[in-house]
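*Asks:* Go ahead and model the full structure; you've got the sequences and the hints to work with.
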Amino acid sequence: MISLQSDGVAAAPEELANAIDLSAISDALLVFVAAYVFARVLTFLLSATAERSPSRRITIKMFIPVVRLFVYAVAVYVVTVPLLELNSTQLVAASGLFGAALGFGLRDIVAGLFGGLFIVFEKPFQVGDKVSIGDDYGEVIRIGLRSTTLRTPDDTAVVVPNDRLFTANVGNANAGSPHMMVVTELSVAPSADIDRTKAVVEEAIVTSAYVHVDDDHPVTVLVDDETYYRRIRGKAYVDDLRDEFPFASDVTERSLEAFAEQGIETPELPPPDYRLETTTTTSG
Amino acid sequence: MTTTQLDAGSVGLSVLLGDDEETFGRAVDGPTTGPLAVIGSPFGGRETVLARAADRLDARHVRFDADTNADDAVDALAGGPVVVEGCHHLFTRTVGGFRPLSRFLDALAETETTAVTGWNRFAWSYLDAVRGIETVFPTHIEVGTLSGEDITEVVEANTTERPTFLRDETDESPLTVRRREVTVANRTVSVPVPALDRKAIVARRTEDLDPKTATFERLAAVSDGNPGAALAIWERCVDDEVRPTGIEAPDLDADLDREAAFCLRIVLSTERVDRGTLTDRIGPRTPRLLGQFARAGIVTSEDGTVRLQPAGVPSAVAMTERRGIL
Chain H
1 MISLQSDGVA AAPEELANAI DLSAISDALL VFVAAYVFAR VLTFLLSATA ERSPSRRITI
61 KMFIPVVRLF VYAVAVYVVT VPLLELNSTQ LVAASGLFGA ALGFGLRDIV AGLFGGLFIV
121 FEKPFQVGDK VSIGDDYGEV IRIGLRSTTL RTPDDTAVVV PNDRLFTANV GNANAGSPHM
181 MVVTELSVAP SADIDRTKAV VEEAIVTSAY VHVDDDHPVT VLVDDETYYR RIRGKAYVDD
241 LRDEFPFASD VTERSLEAFA EQGIETPELP PPDYRLETTT TTSG
Chain E
1 MTTTQLDAGS VGLSVLLGDD EETFGRAVDG PTTGPLAVIG SPFGGRETVL ARAADRLDAR
61 HVRFDADTNA DDAVDALAGG PVVVEGCHHL FTRTVGGFRP LSRFLDALAE TETTAVTGWN
121 RFAWSYLDAV RGIETVFPTH IEVGTLSGED ITEVVEANTT ERPTFLRDET DESPLTVRRR
181 EVTVANRTVS VPVPALDRKA IVARRTEDLD PKTATFERLA AVSDGNPGAA LAIWERCVDD
241 EVRPTGIEAP DLDADLDREA AFCLRIVLST ERVDRGTLTD RIGPRTPRLL GQFARAGIVT
301 SEDGTVRLQP AGVPSAVAMT ERRGIL
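Chain order of the listed sequences is H and E.
Numbering of the first sequence is given in our numbering, commencing with residue 1 and proceeding in unit increments.
Numbering of the second sequence is given in our numbering, commencing with residue 1 and proceeding in unit increments.
Any given hint could be a false lead.
Chain H regions said to be covered by chain E (calculated; three or more residues, Cβ under 8 Å) [to be verified]:
(1) 131 to 143
(2) 168 to 177
(3) 213 to 220
(4) 231 to 243
The set of hints was computed from the structure by calculation and includes no laboratory data.
Note that the Cβ used here is the ideal one computed from N, Cα and C, for glycine as well.
*Replies:* Given below as structure tokens:
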């Protein structure tokens with residue numbers, strides 16, 4: 001522990017350097033390592049608890065970044081205030097050094113840190129949400145102070161710097177709820193019986209193991225008339241957003257099975273001569 | 001006795017229906033105002049309520065099962081007052097599986113006959129969510145859950161064994177520490193994780209009650225106040241002696257994935273289902289899942305029919321609701 005008195009601002013950087021001796025650095029490192037381990041243990045415990053309770057998973061996981069931020073903030077406080085015992089002059093000097101570092105090389109990192117603080121306090125999304133940030137789409141699996149990690153549908157972890165939040169479009173598919181709307185699209189021939197088709201798709205949705213239906217989460221089946229086919233869009237919510245793709249696959253598979261059983265025709269490609277004509281017209 | 005039809009002397013309508021008893025009386029004794037739905041958990045006393053309705057209306061008592069087709073269901077409504085049990089057998093969770101139910105509901109909406117219908121609670125909540133079934137029934141009543149005192153009466157009226165009631169003695173803290181292996185940076189370390197000791201919690205919670213009251217309070221809690229489940233759990237757990245911590249419902253060791261929970265929810269909401277129908281819906285995993293449920297004492301599978309077991313109801317409800325299955 002070091003305590004220094006300073007009489008002038010000009011001598012401050014030198015005194016600051018004197019204040020930070022080897023033992024202070026080792027103590028500070030010890031504090032940060034302890035904070036890191038403690039944050040990891042808390043993250044592990046919260047994650048394990050969340051995974052055991054699917055319906056409360058997102059609620060529990062939203063505390064993880066807050067807890068981590070709190071642990072690191074306490075560590076920074078313990079290191080800078082009681083450990084270094086900086087007086088006001090030294091704090092000014094430290095701020096100057098920090099500002100210079102910021103200007104020269106740490107700008108992106110600091111922008112990321114501010115992005116992290118923005119996520120923690122504004123909550124545009126939480127751990128467990130399905131989001132799109134720019135071109136990246138997936139489940140938020142970690143919110144760090146500098147970056148956010150998404151797991152894409154192909155199980156790839158994508159690390160997105162938090163400062164991209166200030167420039168890219170951010171979409172949140174579920175906004176903290178475990179339920180999420182999934183749109184399943186199917187196509188049938190123009191001659192198909194539309195009422196029967198809609199009934200099949202609706203029944204495939206409401207009999208799925210993944211579906212969640214109540215007054216606030218209704219099932220809707222819509223029809224679009226396209227040139228060579230009719231597109232049926234089944235809109236419904238999954239109980240757990242992780243089941244987005246299994247749900248769509250389940251509904252599609254059982255709808256197609258029922259279409260075949262009930263003789264509901266699916267669209268065919270336009271006649272070859274028409275396709276040729278269209279291609280020719282377009283290129284010409 | 002069967003666990004669905006409780007001893008008539010042991011539990012009254014006021015206990016089973018609570019505030020809904022008045023509604024029930026108006027529906028069966030007053031002028032016809034449309035069909036009545038009686039909704040209850042499996043083995044929870046729904047059949048007792050329907051039997052009383054049949055007595056008071058002097059009505060035919062019909063039971064639907066998985067083989068009942070749409071024509072049979074519609075025909076059941078013809079000719080005088082009728083009490084129908086097992087309406088939840090009129091649909092399956094498949095594409096096209098609602099047709100018999102739709103025809104029955106259409107016929108029910110048009111009939112002038114007094115009709116009292118019995119529905120499994122979980123099938124009802126599903127049908128209400130996806131088909132808005134409540135709109136067909138101007139009146140519906142729910143069979144409620146029983147308190148520890150009511151459960152005591154049910155058990156004493158339906159069993160002959162009179163065990164010795166013992167107090168749970170424990171000095172252990174409800175909060176224990178278990179060690180768990182965690183891998184950090186390619187190194188496995190043993191981390192202490194706090195855990196709750198269920199038996200110690202039960203012992204602490206019941207230490208101020210006399211052993212008999214504590215045991216039946218525990219039975220009411222474990223069975224979710226379901227009299228049929230309580231009787232089955234009682235017969236399963238009680239010997240010459242019984243302690244509150246000795247009362248436990250059968251449970252699976254592991255959490256269920258969504259497909260397994262869906263399979264169990266189908267059995268829970270139908271109470272008995274044809275094994276082939278279940279296999280068609282769930283797929284090739286069905287035999288393994290049913291084996292897992294049967295070993296835990298939640299279902300039986302004999303002669304091509306899968307039956308929910310009364311003692312397994314609380315676990316089946318807890319596990320499928322934890323998974324959020326509709």
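*Asks:* Does each hint fit the structure? Answer for all of them.
*Replies:* Verification of the supplied hints:
1. Coverage of the stretch 131 to 143 of chain H by chain E is violated. Counting CB-CB distances below 8 Å, 0 residues qualify, and the rule asks for three or more.
2. With 0 residues having a beta carbon nearer than 8 Å to a beta carbon of chain E, the stretch 168 to 177 of chain H misses the requirement of three or more and the stated coverage is violated.
3. With 3 residues carrying a beta carbon less than 8 Å from a beta carbon of chain E, the stretch 213 to 220 of chain H meets the three-residue requirement, and the given coverage holds.
4. Requiring three or more residues with a Cβ within less than 8 Å of a Cβ of chain E, the coverage given for the stretch 231 to 243 of chain H holds, as 3 such residues are present.
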